[in-house]
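Q: Now for the letters of each chain:
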Amino acid sequence: MNLVKLTIDNKPVVVEKGTTLLEAAKSIGVNIPSLCYMKMDDMNFENKPGGCRVCVVEVEGRRNLAPACKTECMEGMEVHTHSVRVINARRTVVELILSDHPPECLTCAKSGECELQDLAQNLGIREIHYTGEQSTYKGDQSPAIIREMDKCIMCRRCETACNEVQTVGVLSAVNRGFESVVAPAFEMDLDHSVCTYCGQCVAVCPTGALTERDYTWKVIEALVDPAKTVVVQTAPAVRAALGEAFGMEAGNLVTGKMVAALRKLGFDYVFDTDFAADLTIMEEGTELLDRLNRHLNGDQDVKLPILTSCCPGWVKFFEHHFPEMKDVPSTAKSPQQMFGSIAKSYFAKKLDKKREDLVVVSVMPCLAKKYECTREEFSVNGDADVNVSISTRELAQLIRNANIDFTSLTDENFDNPLGESTGASVIFGTTGGVIEAAVRTAYEVHTGKTLEKVDFEELRGMEGSRKATVDFDGLKLNIGIAHGLGNARKLLEDVKSGKSEFHAIEIMACPGGCIGGGGQPYHHGDVDILKKRQRAIYEEDAGKPIRKSHENPFIQELYAEFLGKPLSDLSHELLHTHYFDRKKKAEVK
Amino acid sequence: MAKYKNHILVCGGTGCRASESEAIASNLNASLSENNLQDDVQVVRTGCFGFCEKGPVVKMVPDNTFYVHVAPDDAEDIVLEHVIKGRKVERLLYVDPETKEHVSDSRHMDFYKKQLRIALRNCGFINPENIDEYIARDGYSALGTIMEEMTPEAAINVVKDSGLRGRGGGGFPSGLKWELTRKSEADQKYVVCNADEGDPGAFMDRSILEGDPHSVLEAMAICGYCIGADRGLIYIRAEYPLAIKRLKIAIEQARDYGLLGNDIFGTGFNFDVEIRYGAGAFVCGEETALIHSMEGLRGEPTVKPPFPAQSGYKEKPTNVNNVETFANIPAIFLKGADWFKKIGTEKSPGTKVFALAGKVNNVGLIEVPMGTTLREVIFDIGGGIKGGKKFKAVQTGGPSGGCLTEDHLDLAIDYDGLLASGSMMGSGGMIVMDEDDCMVSVAKFYLDFTVEESCGKCTPCRVGNKRLHEMLDKITLGQGEEGDLTRLRNLANVIKDTALCGLGQTSPNPVLSTMDNFPEEYQSHVKESKCPAGQCRALMQYVINSKLCVGCTLCSRVCPVDAISGEKKLPHVIDSSVCIKCGACIEKCKFGAISIQ
Amino acid sequence: MSKVKNLQDLKKMRDDLKGKITLREKSDHPDSLVQIKVSMATCGIASGARDTMNYMVDELESQAVDAVVTQTGCMGYCYAEPTIEVTLPGEKPVVFGQVDTKKASEIIEKYIKNGELVDGIIPDSYETIDKK
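Residue numbers (the UniProt record's numbering), protein chains in the order written: chain A, 1 to 589; chain B, 1 to 597; chain C, 1 to 132.
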């Protein structure tokens, strides 16, 4: 190992060669303020354009100030992080950013979570000495994401997320100088672009330039409408993160409190998307076995590997970029949409209500779900299966609006029948979870044996793309896992060129899976938060009495009473979908 | 082959072509044919002669007569009088501005006397579209000699010994750059020629490519041999069509002769060159931004290190030099590092090409040894200030350079001298200003440019320069406040200290240098709302001298906003709150009664 | 055009091509060369100045004498046409009259190459249009 010795604020420090000044300083308790810089190990996310110039420090012997995030430690460096020269420069730079930023903190969606606001507070900026014209660029309201580009500070994090992590390539810097802004090409709206609505841009945006489209008011309207029966479903990853919005430590599971809060908010039925996740396993797992058996019997037309289809960002991604492969992914709808379908058929019938009288609200860690529920194929006669999708952050907002002291709530349980779930469905919230859940069921169905150990550790982890082989009693099943669309793209290229050796691949658009979704409480670049959420998810699974989807009694009841069996005609009608070639759909408006 | 007794060199640079030098050449040919002289006299379209002020320029060989401001219609006279009768066409001769005498031989013109042409050695001399003429001038023999007789290391040492520094502005030792790129290990390396000349008014790179493209190609091949690269890329702005055309012709001809391509000089060395087009962004002259632009990315600079010598185009070691730097290379090898080192100053050997512009008599492209003083350039070569006005300042280094004053006139021009006095070499722009120029407006003018050309990546340049510009605007409008000058200086210093790339770091130079050298001018704008140079329109006051005014009413009738009032035959007055300072009244007044204060 | 195969090739090519631009090279430093002006007004041409000039150009080149031959207007010595003015480096110009090719040959041999004066010098002082 190559070590270098230097001093930072007169304190000696020894670091490995290649360490940046910012990291070296942090290691000795010197927190140099930064803004555009964001690095998430394991997530393939590193944004350090060295553009904001907030982290500048003085290096003796150097003509100008050095950006700490970009400057590597060198032997013998003497670094000063808070000399008068540095403080004056840093304050001036932040004042410049503020001078080109709308002073709308009071009403900004990001207020309280805004990194620019925090920075200005930490530096104690009380006056902006350099005021002038503010740059402006047209805003954009897609079904999922709102872009208020006047608030863009050109940190380029969204660009890194969109291009390097997700390889979607919608967002990049356009225009020059003062007019520079990050936007889709040709002034396109997101809606007309190949945006997948994964929301990773929103997750990393330091200011209010990128936020989710807020549907809380639509929820409130439904709740106060006496003619409507309002049903809510909550995705698995929400309960692992919602607590953070109320100051709780990351990794705290708040399932019971969440249910209690939803009930207090006035939802008529508090259900669980996990139930639908179990249902997804029944359909998708059966489909996997079906394709596998046909393949083993020599059917040349069967498409393998099967690809999971729960993630709407991922679905839109392959519809745009790999439309020629649109018959490869499983036809199973996502859990959100399966839930909507069942709620508005099976459950409405149970209540003896028309589907139009039901309002299905979903609480999701995701922004793409907002878009997914608006897809035409997911509605009947203009009535959407899922009427409104809100994010974890919006749910927190609703709870605060209702004056609920979340942390002191007593745990409550979901309603039945659509609230019962197994451990298999809980792990849908993390990368590797869907495929592990599928394997648990498929193994038992295929072999007729009971699993001795339901934990498939080989499928777990945080690496961007992983592979494992699961032994189905002699049948070796090769499984691939990718999270983050950039990783997915690589696996997909292999499938396309026929090089893939996998039988099944799980793909999640967001790094970490749904726990790292675009609708979750902001992580501000702290990967540990995602890891804690992941741990919480596996804990919940481990604590569940039933851990295999096919053992969910209400699922069994649903099939017995209503659907018949997996892949039945009714299942196909209600629980399966088809995909579109969107390659040419991206248009310049 | 026809044996010509006379050559007529017609400038084919962009400037002279714009004033119909092509038509001059074809008229000359027509007239020669008419007189059956087509086999005696050859008309050659050359590159730029540099004396653009006097263009289109035609030079007669061998008697060296230099005709200026030639029109297509003059072609016949040149043939009939000069060629046939041997009489010089007096009206086309250059008139010395001081002695008022006709000077026929360009070697006797002050404009050329103090020049020494190395980079421009072939410009205005050879036909750039004919490789034979370049070869006749020892073209490609530097490359051949190096490849047959020298190791790459030895050749790099020649460049190092010559002390040649990058002519694009930074002044980084070229030999060292080559050595660093050579030492970087990789399966592929690149030679890049930076032809993204962006300084407003600077056109030396364009002129070299238009007038002597082979010198750049030869130098790139030499560089490729030295650093171990087999591919060269020329990044040139698409708005240089003539340079591009001539480069393309040159590349084709060099390939035909086997001087580019595979197995050059039978040594097994391969090198080829392709052209990449830029869209003319100033920042793409910065080497990392240039490389990103070639990669199809946004033209934005990145923090160095890594330097292109380590990781450049497509993340491979890349040596980037600008056109003028390359143009020096073959001459250095032909004449030796010692020869080169003797020219110029100790730390800045050789010559530098400047685009001399502004309020001087002789505007044009000049090449002088380093160490020449500003006074020699402005007053000897440049012929002094136009209209007999007083010299006020000279701005060197393009938009990011500084303004130097009379006190600096005896400064010997080189990299370090300019830097020490608050300006810089840049790529060689030199703009002369006289007493009528307002230095605040000058600073604002340059900021206009940098604000326009900022890539927007870093805050200090993106927002800071915008704010600087706004403050300067405010000051020129007479709205400057107490404290503005302190803020202006602080902001300028912070931008210099924190901006990401060379463009941003140097963009406040015009502000800082004018504040340093002309503090009283800023003071009077802010404190007295006065522009001493009388250039800031908002600060002008049109006043009627009641003693001179006879009340003829002409002025009040011509005033478009009815700002002038008064009884007939009595002195009039101007209401300055209404006056829009259009100047119409001054033009009309026959009695000189109206003045600007 | 065939390819340049080695440095030798290039050098040969250069030597062959030099002639294309020697005129220009010379005009860059005429003071160090022999300068010859041939009077080519109507009278000069009528009495054979063109032949004289062509002869001078060819002969000087074949004998490898560094010289510049230019034409000029009427020198005023119509009785003695063709007339030529020869300026050796560092010397005053000398005008010769009635220069036919034979005379030209003599001038080259004796005066230009060896500095010996020959008959036919027109002694008057005069002024060319080159006002110094």
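These are calculated hints, taken from the structure and not from any lab test.
The structure displayed is predicted, hence computed values, not measured ones.
Cβ coordinates follow ideal geometry from the N, Cα and C atoms, glycine included.
Hints should not be assumed to be uniformly reliable.
Calculated lysine-lysine pairs in the DSS-like style (CA-CA distance at most 27 Å, straight line) [as the list claims (entries may be wrong)]:
| # | chain 1 | residue 1 | chain 2 | residue 2 |
| --- | --- | --- | --- | --- |
| 1 | C | K12 | B | K342 |
| 2 | C | K103 | B | K335 |
| 3 | B | K342 | A | K5 |
| 4 | C | K12 | C | K26 |
Listed next, the stretches of chain A that the computed footprint assigns to chain B, with coverage defined by at least 3 CB atoms under 8 Å from CB atoms of chain B [stated by the list, open to error]:
| # | stretch |
| --- | --- |
| 5 | 44 to 58 |
| 6 | 83 to 97 |
| 7 | 173 to 186 |
| 8 | 262 to 274 |
Q: Hint by hint, note whether the structure agrees.
A: Here is what the structure says about each hint:
{"no.": "1", "hint": "C/K12 - B/K342", "verdict": "31 Å, violated"}
{"no.": "2", "hint": "C/K103 - B/K335", "verdict": "42 Å, violated"}
{"no.": "3", "hint": "B/K342 - A/K5", "verdict": "44 Å, violated"}
{"no.": "4", "hint": "C/K12 - C/K26", "verdict": "21 Å, holds"}
{"no.": "5", "hint": "44 to 58", "verdict": "holds (count 7)"}
{"no.": "6", "hint": "83 to 97", "verdict": "holds (count 7)"}
{"no.": "7", "hint": "173 to 186", "verdict": "holds (count 7)"}
{"no.": "8", "hint": "262 to 274", "verdict": "violated (count 0)"}
Of the hints listed earlier, those the structure fails to meet are numbers 1, 2, 3 and 8, in rising order.
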